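Asker: Here is what each chain is made of, one letter per residue.
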Amino acid sequence: AQSVTQPDIHITVSEGASLELRCNYSYGATPYLFWYVQSPGQGLQLLLKYFSGDTLVQGIKGFEAEFKRSQSSFNLRKPSVHWSDAAEYFCAVVAYKYIFGTGTRLKVLA
Amino acid sequence: NAGVTQTPKFQVLKTGQSMTLQCAQDMNHEYMSWYRQDPGMGLRLIHYSVGAGITDQGEVPNGYNVSRSTTEDFPLRLLSAAPSQTSVYFCASSRGGQGDSPLHFGNGTRLTVT
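One line per chain: the protein sequences are A and B, in this order.
Note that the numbering used here numbers the first sequence so that position 58 is 58, with each residue one more than the last.
With positions in the second sequence counted from 1, the corresponding number in the numbering used here is that position plus 1000.
Next up, chain A with everything else stripped away, as it sits in the complex (with noise of 0.2 Å):
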């Protein structure tokens, strides 16, 4: 069965900070990734998706995230964070169905 792991419940970085939130992906074969923002009482906004091909994928807000089949992670990145990237990301594996993670509080210090 699938399942998805982000490792850190909270994480706070400073503004203009670099930012790596985890995820770690079980499936037996090549899952489809994706990694969702939800701003405080909103729904989820799609901010970038791994189907195939170059491991690196870039989104939007400046985000990107790399798959590593080895690692069987899915690891998103922002070089330079702003204030208002302050959110909850979630992590979300399909094969079948769309099972998410617990999810990664960020928090941003000016």
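Please note that a few of the clues may not be correct.
Stated by the list, open to error - Listed next, the stretches of chain B that the computed footprint assigns to chain A, with coverage defined by at least 3 CB atoms under 8 Å from CB atoms of chain A:
#, stretch
1, 1037-1043
2, 1048-1061
3, 1100-1107
As the list claims (entries may be wrong) - The calculated SDA-like cross-link candidates involving lysine to any residue, where the alpha carbons are at most 20 Å apart (straight line), are:
#, chain 1, residue 1, chain 2, residue 2
4, A, Lys49, B, Ser1101
5, A, Lys49, A, Glu20
6, A, Lys49, A, Asp85
7, A, Lys107, B, Pro1039
8, A, Lys49, B, Asp1100
Since the hints were made in silico from the structure, they are not lab data.
Values in this document were obtained by computation on a predicted structure and should not be read as measured data.
Just so it is clear, CB atoms sit at the ideal spot from N, CA and C, and this is done for glycine as well.
Take the given structure of chain A and dock chain B to it, following the hints.
Answerer: Quick look at chain B alone, frame taken from chain A:
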């Protein structure tokens, strides 16, 4: 372009009451699903459907029923509400359930069961 529409936005129920959360999409998506979001638990899949007439259970299906009589609608029914069902519920749809297209989310329904 409405996307995924959920109603109501807020609902308060007493224990034992029943209700239906409505979800409609206008994108002709085959895949539709319901999630509940609880603090520290992320989004957990309740039920999903890969097309009209086809539904299946997700991670936390107990206490919830669904049906899919049309492509557009995917209502979620609580037959006898319990305080443990207090949560924020999200409906989401996509073109296909194989992961080749992303999920589009509704704005959520905040349900409180007293």
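Asker: Take the hints in turn and mark each one as holding or not.
Answerer: Results of checking the hints against the structure:
1. 1037-1043: holds (count 4)
2. 1048-1061: holds (count 5)
3. 1100-1107: holds (count 6)
4. A/Lys49 - B/Ser1101: holds, 9 Å
5. A/Lys49 - A/Glu20: Given pair A/Lys49, A/Glu20 holds - Cα atoms ~16 Å apart, limit 20 Å.
6. A/Lys49 - A/Asp85: holds, 18 Å
7. A/Lys107 - B/Pro1039: Holds. A/Lys107 to B/Pro1039 sits at ~16 Å (cutoff 20 Å).
8. A/Lys49 - B/Asp1100: Holds. A/Lys49 to B/Asp1100 sits at ~9 Å (cutoff 20 Å).
In this structure, every one of the numbered hints holds.
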